[in-house]
Amino acid sequence: MKRIFIKFLTVILVVIVFGNNISLTAVNASPYISYNYDRWGDAVPSQAGYIEKRTVSGDDIGADSFDEPSDIFFDGTDFYIADTGNNRIVGVDGNLENVSVIYEKFKMQDGSFTTLDNPEGVFVSDDIIYIADTQNSRILLVNRECKVITEITKPDSEIYDSSKTFLPERVIADKAGNIYAVLGNITTGCAMFSPQGEFIGFYGSNRVEPTAEAVGNYFRNVFMSDKKKARRKRQVPSGITGFDIKDDFIFTCTASSSVLSDTVKKLNSAGKNIFADRDVSFGDYELKYDTSHYKIPDSSICDIDISENGNINCLDSVTGHIFQYDEDCNLLFIMGTVAEQKGGFKSPSAIESAGENIYVLDSQKNNITVFTETSFGKTVHSAVELYNTGYYAESLDLWYEVLRRDGNYTYAYNGTAFALLRKGDYKNSMKYAKLAGNSELYNKAFKEYRSVFLKENSGKIFTVFIVAVVFMVFLKIRKRGGRRK
Amino acid sequence: MMNFTQKQWLKYAVTHIFEGFEDMRWKKSGSLKTAFCIIVLFFFAEIAHERLYGFQFYATYDRTFNIIPYFIKTIVLFMAWTVGNWSVCTILDGEGTMKNIFIYSAYALVPYILQMYINTVLSHFLVRDEYVFMQMIEITGTLWSAVLIFSAVKAVHQYTVLKTFSAVFLTVVAMFIMLALLILFMALVQQVYIFVSTIYTEIIYRIRV
Numbered sequence: 001m002k003r004i005f006i007k008f009l010t011v012i013l014v015v016i017v018f019g020n021n022i023s024l025t026a027v028n029a030s031p032y033i034s035y036n037y038d039r040w041g042d043a044v045p046s047q048a049g050y051i052e053k054r055t056v057s058g059d060d061i062g063a064d065s066f067d068e069p070s071d072i073f074f075d076g077t078d079f080y081i082a083d084t085g086n087n088r089i090v091g092v093d094g095n096l097e098n099v100s101v102i103y104e105k106f107k108m109q110d111g112s113f114t115t116l117d118n119p120e121g122v123f124v125s126d127d128i129i130y131i132a133d134t135q136n137s138r139i140l141l142v143n144r145e146c147k148v149i150t151e152i153t154k155p156d157s158e159i160y161d162s163s164k165t166f167l168p169e170r171v172i173a174d175k176a177g178n179i180y181a182v183l184g185n186i187t188t189g190c191a192m193f194s195p196q197g198e199f200i201g202f203y204g205s206n207r208v209e210p211t212a213e214a215v216g217n218y219f220r221n222v223f224m225s226d227k228k229k230a231r232r233k234r235q236v237p238s239g240i241t242g243f244d245i246k247d248d249f250i251f252t253c254t255a256s257s258s259v260l261s262d263t264v265k266k267l268n269s270a271g272k273n274i275f276a277d278r279d280v281s282f283g284d285y286e287l288k289y290d291t292s293h294y295k296i297p298d299s300s301i302c303d304i305d306i307s308e309n310g311n312i313n314c315l316d317s318v319t320g321h322i323f324q325y326d327e328d329c330n331l332l333f334i335m336g337t338v339a340e341q342k343g344g345f346k347s348p349s350a351i352e353s354a355g356e357n358i359y360v361l362d363s364q365k366n367n368i369t370v371f372t373e374t375s376f377g378k379t380v381h382s383a384v385e386l387y388n389t390g391y392y393a394e395s396l397d398l399w400y401e402v403l404r405r406d407g408n409y410t411y412a413y414n415g416t417a418f419a420l421l422r423k424g425d426y427k428n429s430m431k432y433a434k435l436a437g438n439s440e441l442y443n444k445a446f447k448e449y450r451s452v453f454l455k456e457n458s459g460k461i462f463t464v465f466i467v468a469v470v471f472m473v474f475l476k477i478r479k480r481g482g483r484r485k
Numbered sequence: 001m002m003n004f005t006q007k008q009w010l011k012y013a014v015t016h017i018f019e020g021f022e023d024m025r026w027k028k029s030g031s032l033k034t035a036f037c038i039i040v041l042f043f044f045a046e047i048a049h050e051r052l053y054g055f056q057f058y059a060t061y062d063r064t065f066n067i068i069p070y071f072i073k074t075i076v077l078f079m080a081w082t083v084g085n086w087s088v089c090t091i092l093d094g095e096g097t098m099k100n101i102f103i104y105s106a107y108a109l110v111p112y113i114l115q116m117y118i119n120t121v122l123s124h125f126l127v128r129d130e131y132v133f134m135q136m137i138e139i140t141g142t143l144w145s146a147v148l149i150f151s152a153v154k155a156v157h158q159y160t161v162l163k164t165f166s167a168v169f170l171t172v173v174a175m176f177i178m179l180a181l182l183i184l185f186m187a188l189v190q191q192v193y194i195f196v197s198t199i200y201t202e203i204i205y206r207i208r209v
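Respectively, the protein sequence lines represent chains A and B. Anchor point for the first sequence: position 110 equals 110 in the numbering used here, and the numbering is continuous, going up by one each time. Anchor point for the second sequence: position 113 equals 113 in the numbering used here, and the numbering is continuous, going up by one each time.
Here chain A stands alone, though its shape is the one from the complex:
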């Protein structure tokens, strides 16, 4: 008996020790806790969708170390990094292993040579490299042979206030070759240029948030003289901080602690925000008190990236969190933090994605952190992709798998409920809609469930009703008869 007991104890001990070890290494891998928001909007621990794989510095790839790099771009084969402090653009191969090209000197059309001064943005499309040459106040369009095709300088236009500086920080181009640039200290949106480099106008400006102060000022302005109005502080929207282009849509983000609306926008070609009418929010709902800085940090989304499958990756420069949303703005994963370890950032400046990886550029650590999808992340992504393309029945099994791995994953409950609703399993759909806290979906499922129930049981319900009526009439008659006697 004693022997068996000891054997039993050993087995338990072994399980505890080794089991713990396995889980401990898995947990210790990241310097951050991956979390997600539950249906009440509270942060709950969650399975990691991405895990940091490695960090890449300038020396690792064979170029000299970076100096405050501020933008990274992937054109499908190569990465391009705007190495701001070193006044150069570094091209790296797709695996981030060897430097492929370094652009430093460009030949102007008149034959002279020019260099960059603190370039902050880079974009590549159709073998044209677009460089936001910030301190030189220009945007350069160069070809692979380092020949400048077009140079865009401060526009001489009525729309552009000539007293304002021209400091392009980010640049992108659409399929037609129109160029968009985020300008420092310009709050009226991004500047838009024709493929020839002519200034067309501003595009996609943010709204002024209707705070109590803004509304009050509006009414006060009605009664004010123009002279007095001119001296007052004006209500201006926050300027756009970063953007990315995907198909025909431009996604912008705004890093401002005071702005709650318009933090992330999806603009169509007319400059209209598609997310404007929808009740969506980006970034953290509620930030934790930061014990090392003695304050609650302000969230500020400084860069945005749209991955190939349409997911939106947002980078918060203050907290170092990366938020991934699907194309309908449902939160998928949160990762990253501000830390010294691998997987943490000091001052993240840009985000880029390629395939299953997410790349974050840090302007103080002067390196690139590579995050790669975990198997949980893969399951979620394939479920979301099937779900968003309309293959609800096919996504069902994947949703179940997601829930089996992480029961706190709210979006999976929504997905399951909707897939079950499409399948015709209304009762279970109601159950999952309730777990997801989605009363609208519950309403739909319940409506169907009720109509099926009524159809199946109409005979019984009708019989019960008639019996009840007959019984009531009978009682009334008996009562009356009793009184008469």
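Just so you know, these hints were derived from the structure itself, not from any lab. Nothing here was measured: the structure is a model prediction, and the numbers come from that model. Where a beta carbon is used, it is the ideal one built from N, C-alpha and C, also for glycine. There may be inaccurate statements among the hints.
Derived lysine-lysine pairs resembling BS3-like cross-links, with alpha carbons at most 30 Å apart [what the hints assert, rightly or not]:
(1) Lys99(B) - Lys476(A)
(2) Lys11(B) - Lys476(A)
(3) Lys163(B) - Lys479(A)
(4) Lys7(B) - Lys479(A)
Here are a few chain B residues that face chain A, going by a calculated C-beta distance under 10 Å [to be verified]:
(5) Glu50
(6) Leu126
(7) Val127
(8) Arg128
(9) Phe133
Given chain A, work out where chain B should sit, using these hints.
Leaving out everything else, chain B in the frame of chain A:
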């Protein structure tokens, strides 16, 4: 004539919105026990309405449950109404006693409470498109109770219509004053508590050192 039981009186008062309470007063009827039962049912109705509502109408925050807000929303509010009305109407030559005000007001609440229960049950059978039926019931019940309350105040104090209006208005003002006093009192108690606890801490500190 009108030899009703207490239950029948309740039915009579609720269904005869204008003369019901007058007759009740004339017959010196209305029981405190029934009134208490109604208020307790009011309390439970509020909880049921918030907590047991159909999920297709709204997602209840069912993670925590705190009974105090419901208690305040129903019982405390009703008591405040009773006390406020009594104190106002004693000055304004009202004939009602505190007991009668309590009973009549409680009777007047019955349609409102009933509406809450009916809607809570219905919310499990209807979908969002049919919300208009529930809304109808809600509006009917609320208006009915409002008229009854007015009628109750009028009957219990033997007021004219105009005087009843002003009495109801002043009662609401009195309720606000009570709230203000309560807040003042709480602040004072807190100050005293801080004072005492500071002295205690100081003494303990001196003794130790």
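Now the hints, each set against the structure:
| no. | hint | in the structure |
| --- | --- | --- |
| 1 | Lys99(B) - Lys476(A) | violated (39 Å) |
| 2 | Lys11(B) - Lys476(A) | holds (20 Å) |
| 3 | Lys163(B) - Lys479(A) | violated (47 Å) |
| 4 | Lys7(B) - Lys479(A) | holds (20 Å) |
| 5 | Glu50 | violated (14 Å) |
| 6 | Leu126 | holds (9 Å) |
| 7 | Val127 | holds (4 Å) |
| 8 | Arg128 | holds (5 Å) |
| 9 | Phe133 | violated (15 Å) |
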